[in-house]
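J.: What follows is the residue order along each chain.
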Amino acid sequence: MKRYILKRLVQAFVSLFAVTLIVFMLTQLSGDPALLMAPPDATPRDIQEMREIMGLTKPLHVQYGIFLADILSGEFGRSFKWDKPCIAIWLDRFPNTLLLAGASMVITIIIGLSFGILSAVHVGRWFDQFGKIFALMGQALPVFWLGLMLMYLFSVKLRWLPTSGMGSWEHLIMPAITLGWFFTASIARLTRSSMLDELDRDYIKMAKIKGVSRSGIILRHALKNATIPILTLGSLNFVFMLNGTVITETVFNWPGVGRLVVEAIFTRDFPLVQTTVLIGASFFIFVNLMVDVLYAYIDPRIRYQ
Amino acid sequence: MKMKPILEVKNLRTYFYTRRGVVKAVDGVSYELGEGETLGLVGESGCGKSISCFSIIRLVPAPAGVIVGGEILFGGSDLLLKSEEEMDRIRGAEISMILQDPMTSLNPLFTIGDQVAEPLQIHQKLKGEGLREKVREMLNLVRIPSPEVRMKEYPHQMSGGMRQRIVGGMVLACRPKILIADEPTTSLDVTIQAQFLRLLKEIQHTSNLSMIIVTHDFGIVAKACDRVAVMYAGKIVEMAGTVELFDNPEHPYTAALMKSLPKAGMRQNRLYAIEGQPPDLRTLDSGCSFAPRCPRAMEICRKEYPPRVEINDGHTLSCWLRKGEVLND
Amino acid sequence: MKTHFWKVFSVAAALIAGLTAYPGSPVQAAPKGEVVFVQATGSWEMRTAFDPHTAIGSSCTTLISLAFEGLVTKDEKGILRPALAESWKIADDWSRIDFFLRKEVKFHNGDSFSAQDVKFSLERAMREDMRFVFGPEMRRNIESVEIVDEYHVRLNLKAPYPAFFDRSFEYLAIVPKAYIEKVGDQGFAAKPVGTGPFRVVKFEREVFFEVEAVENHHRQTPHIKKLTVKVVPEHSTRLAMLKTGEADLIGLSAIHVPLVKRDPKLRVLWNQHTFLPTMVFFAVSQPGDSPFKDPRVRLATSLAIDRKGIADAVGHGALTPWGSFLAPHHPGFDPEQKPPAYDPEKAKKLLAEAGYANGFDTVLTSDPTIKEWFEAMLQQLADVGIRAKMDTPEHGTWAASFVGGKFKGIGYGSGPWWVGRSHPYVALESHIIGTWSHNLATPEVKKTMGELLNATDNEAIAKSARQVDEILLEQKMRLPLWSYHTPLGAGPRIKEFPGAPGVVFPIGFERLQINE
Numbered sequence: 329m330k331r332y333i334l335k336r337l338v339q340a341f342v343s344l345f346a347v348t349l350i351v352f353m354l355t356q357l358s359g360d361p362a363l364l365m366a367p368p369d370a371t372p373r374d375i376q377e378m379r380e381i382m383g384l385t386k387p388l389h390v391q392y393g394i395f396l397a398d399i400l401s402g403e404f405g406r407s408f409k410w411d412k413p414c415i416a417i418w419l420d421r422f423p424n425t426l427l428l429a430g431a432s433m434v435i436t437i438i439i440g441l442s443f444g445i446l447s448a449v450h451v452g453r454w455f456d457q458f459g460k461i462f463a464l465m466g467q468a469l470p471v472f473w474l475g476l477m478l479m480y481l482f483s484v485k486l487r488w489l490p491t492s493g494m495g496s497w498e499h500l501i502m503p504a505i506t507l508g509w510f511f512t513a514s515i516a517r518l519t520r521s522s523m524l525d526e527l528d529r530d531y532i533k534m535a536k537i538k539g540v541s542r543s544g545i546i547l548r549h550a551l552k553n554a555t556i557p558i559l560t561l562g563s564l565n566f567v568f569m570l571n572g573t574v575i576t577e578t579v580f581n582w583p584g585v586g587r588l589v590v591e592a593i594f595t596r597d598f599p600l601v602q603t604t605v606l607i608g609a610s611f612f613i614f615v616n617l618m619v620d621v622l623y624a625y626i627d628p629r630i631r632y633q
Numbered sequence: 004m005k006m007k008p009i010l011e012v013k014n015l016r017t018y019f020y021t022r023r024g025v026v027k028a029v030d031g032v033s034y035e036l037g038e039g040e041t042l043g044l045v046g047e048s049g050c051g052k053s054i055s056c057f058s059i060i061r062l063v064p065a066p067a068g069v070i071v072g073g074e075i076l077f078g079g080s081d082l083l084l085k086s087e088e089e090m091d092r093i094r095g096a097e098i099s100m101i102l103q104d105p106m107t108s109l110n111p112l113f114t115i116g117d118q119v120a121e122p123l124q125i126h127q128k129l130k131g132e133g134l135r136e137k138v139r140e141m142l143n144l145v146r147i148p149s150p151e152v153r154m155k156e157y158p159h160q161m162s163g164g165m166r167q168r169i170v171g172g173m174v175l176a177c178r179p180k181i182l183i184a185d186e187p188t189t190s191l192d193v194t195i196q197a198q199f200l201r202l203l204k205e206i207q208h209t210s211n212l213s214m215i216i217v218t219h220d221f222g223i224v225a226k227a228c229d230r231v232a233v234m235y236a237g238k239i240v241e242m243a244g245t246v247e248l249f250d251n252p253e254h255p256y257t258a259a260l261m262k263s264l265p266k267a268g269m270r271q272n273r274l275y276a277i278e279g280q281p282p283d284l285r286t287l288d289s290g291c292s293f294a295p296r297c298p299r300a301m302e303i304c305r306k307e308y309p310p311r312v313e314i315n316d317g318h319t320l321s322c323w324l325r326k327g328e329v330l331n332d
Numbered sequence: 004m005k006t007h008f009w010k011v012f013s014v015a016a017a018l019i020a021g022l023t024a025y026p027g028s029p030v031q032a033a034p035k036g037e038v039v040f041v042q043a044t045g046s047w048e049m050r051t052a053f054d055p056h057t058a059i060g061s062s063c064t065t066l067i068s069l070a071f072e073g074l075v076t077k078d079e080k081g082i083l084r085p086a087l088a089e090s091w092k093i094a095d096d097w098s099r100i101d102f103f104l105r106k107e108v109k110f111h112n113g114d115s116f117s118a119q120d121v122k123f124s125l126e127r128a129m130r131e132d133m134r135f136v137f138g139p140e141m142r143r144n145i146e147s148v149e150i151v152d153e154y155h156v157r158l159n160l161k162a163p164y165p166a167f168f169d170r171s172f173e174y175l176a177i178v179p180k181a182y183i184e185k186v187g188d189q190g191f192a193a194k195p196v197g198t199g200p201f202r203v204v205k206f207e208r209e210v211f212f213e214v215e216a217v218e219n220h221h222r223q224t225p226h227i228k229k230l231t232v233k234v235v236p237e238h239s240t241r242l243a244m245l246k247t248g249e250a251d252l253i254g255l256s257a258i259h260v261p262l263v264k265r266d267p268k269l270r271v272l273w274n275q276h277t278f279l280p281t282m283v284f285f286a287v288s289q290p291g292d293s294p295f296k297d298p299r300v301r302l303a304t305s306l307a308i309d310r311k312g313i314a315d316a317v318g319h320g321a322l323t324p325w326g327s328f329l330a331p332h333h334p335g336f337d338p339e340q341k342p343p344a345y346d347p348e349k350a351k352k353l354l355a356e357a358g359y360a361n362g363f364d365t366v367l368t369s370d371p372t373i374k375e376w377f378e379a380m381l382q383q384l385a386d387v388g389i390r391a392k393m394d395t396p397e398h399g400t401w402a403a404s405f406v407g408g409k410f411k412g413i414g415y416g417s418g419p420w421w422v423g424r425s426h427p428y429v430a431l432e433s434h435i436i437g438t439w440s441h442n443l444a445t446p447e448v449k450k451t452m453g454e455l456l457n458a459t460d461n462e463a464i465a466k467s468a469r470q471v472d473e474i475l476l477e478q479k480m481r482l483p484l485w486s487y488h489t490p491l492g493a494g495p496r497i498k499e500f501p502g503a504p505g506v507v508f509p510i511g512f513e514r515l516q517i518n519e
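Chains as they are written, first to last, in my numbering: chain V, 329 to 633; chain D, 4 to 332; chain F, 4 to 519.
Don't read these hints as lab results, they were simulated from the structure. Treat the numbers as computed from the prediction; the structure is a model and nothing was measured. The C-beta atom is built at its ideal place from N, Cα and C for all residues, glycine as well. One should not assume that every hint holds.
To be verified - Which stretches of chain F does chain V cover? Using the computed rule of at least three CB atoms under 8 Å from a CB of chain V, they are:
(1) 152–162
(2) 335–343
(3) 392–404
(4) 428–439
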């Protein structure tokens, strides 16, 4: 098991290194931050001076080296716009995104899991049909549209919830639902098929033969086995959420990392773009690693290999 | 003189409603099971023997499968009229079942000990040391060595034979009155098959357990069953004591089955196979379902289904070839 | 299982019922005397918040104008007015500007204002380490800042510097010398102190900026008690906030103007003449042949565009067809100016004369934010034979390509940019001879711009400005299309907000009045 983890760790670092290279190249190709930041009255000389201050006139490999050094120093460079270490800016915003993603994940799992289980248990009947429509809507309706519709209904028309921003738990509901909408549907579908697979198995029949009640079968026996694929999807979902809050954060003006990325990209704030993308990628890599380890923990068959 | 039977199945009918028609998997099955008795159910795949057993404990796959009619009398009441909660109490405690494939009968994520303990927890509400004691006892009963160690292990660490024995221990933990075994040895090595059967018989003797063994293997019937019911296309076509059936297989289907058994010690060029295919259970014509394949079919066979008649003490038959006392079911 | 389902269902139903019964307080309008203004973006374009001298972009005007003042300001007609300077005099040869300062002014912390603070502030802005966006420009043009006496400051110049006045009212905040020397740059940025009509209460960068009114302000005491400026990039969200009352005033996206007009509780306020979209003929300055090198073709293009029709169809009230490179508040503006007529027949004739009776193919580029206006032109151009294919790269890419001279054919040009630039030289410079000019200026234009730069009295300025305008209109290497007005959405609590024309990022909140 230790060797297994070690091997995966090494793979993770290699992936990360490749990501830094790709991120660096892409941001360099994306445009000219000095031109976008400068007011229209700035002369070409002034703009060139800005570029020098930003370090953009140095040769590419030197810039890349500086980039790597910045990462290793923990600062991740200084934002062009904020003139602060990027990591500080990111750390300031990240808890907000974490809160949003966390709340969203809770809603997703509760609703998605319940829908999936109920659909599986009532397979073929009206709840299952309803569940299928729900899943379809979840995966087809655009997040942007959903967010605005929720805002229109619950804020503008009903006045139950605030439109946007961060504050009380009321501010959290709509963004959390909007963010989790898509994932709820996919978790529901996966839970349903996973459960149906499980409920078909012989050892589930055996449990019934032993006299285990319906809820015991579902919640104790079937669900435990079914959670393995759900766990994978759930973890990936969570990382997707952490990285993919852009639209939700923009619509609901949530001060998180997603909005930060987009703003950074629009203003070509290179260090900030690189930081956010790199951290996002490392989330993926790290969570994948964690899931593999968790697998081995839950499924003794893997553990004893 | 007949003792009061512990289980009476009367005219059981279980149908499957599929998109392409109604499959009459069990179409009027009746029999009795006495205390301490072992009944064998034989027939080809698809004849309904397994489904009739699942119907007894009401675990027919829903929503397609529905028990549409009949009575199953056990302990003074009709099992088909009981609620789910009541059936939960009966399953495992009064009536239990072993499935065919030991490799898939145990949950890979739970320990052996947990799985054997479960029925004891549910039906006898045992806990703690008392529970563990009972689990050890059961594992010993089914001849699992070092039960203390094994209790903490997982199914994938055991062989097929061991797993099937563990399943046996698991389903018998609460000392049910009836054990249904659905092809219990089919997936086992030949060498272990006999072993397992012997084990079941021993347990049966010590606890007066009644058994229904579903099998397609006449060898098992000969070794382990007191009585046999032969099923075809959802119905029992012939039923008799084991010895009687082997001596006098009256129904053409039974006779054909016996004929197709490979005979030990005799060289055969070809095994006898019954011509034709088992019928499509969705489109049964009126008349005897075996008629299309029966070498001795008559005109009436194709028109009307033969009634069940008793031709000997305990030997019943549904065939136009033999006349006897008609039984009203 | 059925009972189980109903158990779950009833619990869920109870939860939902409970939630809906909850009165919910969060959707509240601001209390009496307080106003919430929600902007799209950009107010925080400064490296250190909140330090005006670290401004790096062009849009911090709103926030700076609340808490700080420069030497001059703009009134609701867009005319420069005294702020901390009561009057000023520009030397005839542009060697210096004398500013005569207002007396009896106090900073928000009680310190008295004097020439010391002016010198300190200007020199601070010129410090290289502040990296003030106009720092290099100031260093290029200003020789020194001299204190003549307690209320008289002299700016010694190296070159004519009309832009100084524009920078003055937008960015060059006057800050308290003693305070900053005491608390340092970081301390000042954390707790900013100025002489503006509002004082800073609290702020969170990119999220909100809260100020309260200064009583008995030397220039104008605000009518409202408190103002909170919030930043919300998504325009639909801003509109929702306006509708629920969470915002009293918002930066409105032009496409939402009809929605606001339909709502009887809301109205649209216009910041007039904030910028001038133009049509640029890129080909003229590029080597090789192009139909657009013929002035008849360029005139034809102008005649082929139905400026009024497009304004009515997709302008939503934000566009006024325009025929000058100046705005009404610029000296030299000709009030009789008229946009060119829409005359496709004449356009076709001109094209035929130039040898393009069968038309020709070309490319039309546009920035994605305003592409609707240009998409509307495609058919009109095609009708006279100019078959254009449209290309709308992402904004950052568009900017780089535009400045880098990569576009061919015709396309949107973003200027002249009038944001607050009151002097016509400053207003025209960047897009006529500077960074965004696309090298279209002829020697004649450059010469006249030079004269405009050197003019020191209003008459001379007006005359040169008009001359430049006329030359540009005649040469047609760029065409003025429409003057754009920036919409603001106002809720029922807003009585009046004159703002200031020409300023995209609103100022003048001390003149805001509410219904209470």
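J.: Are there at least three residues in the stretch 335–343 of chain F whose beta carbon sits under 8 Å from a beta carbon of chain V?
T.: It is violated: at least three residues are needed, and the stretch 335–343 of chain F offers just 0 whose Cβ sits closer than 8 Å to chain V.
J.: Taking 8 Å as the Cβ threshold, is the statement that the stretch 392–404 of chain F is covered by chain V upheld or broken by the three-residue rule?
T.: Our answer is that it holds, as 5 residues pass the Cβ test (under 8 Å) against chain V, meeting three.
J.: With a cut-off of 8 Å between beta carbons, are at least three residues of the stretch 428–439 of chain F near chain V?
T.: It holds: at least three residues are needed, and the stretch 428–439 of chain F offers 7 whose Cβ sits within less than 8 Å of chain V.
J.: When I compare C-beta atoms, does the stretch 152–162 of chain F have three or more residues closer than 8 Å to chain V?
T.: violated (count 0)
Checked against the numbered hints above, the structure breaks hints 1, 2 and satisfies the rest.
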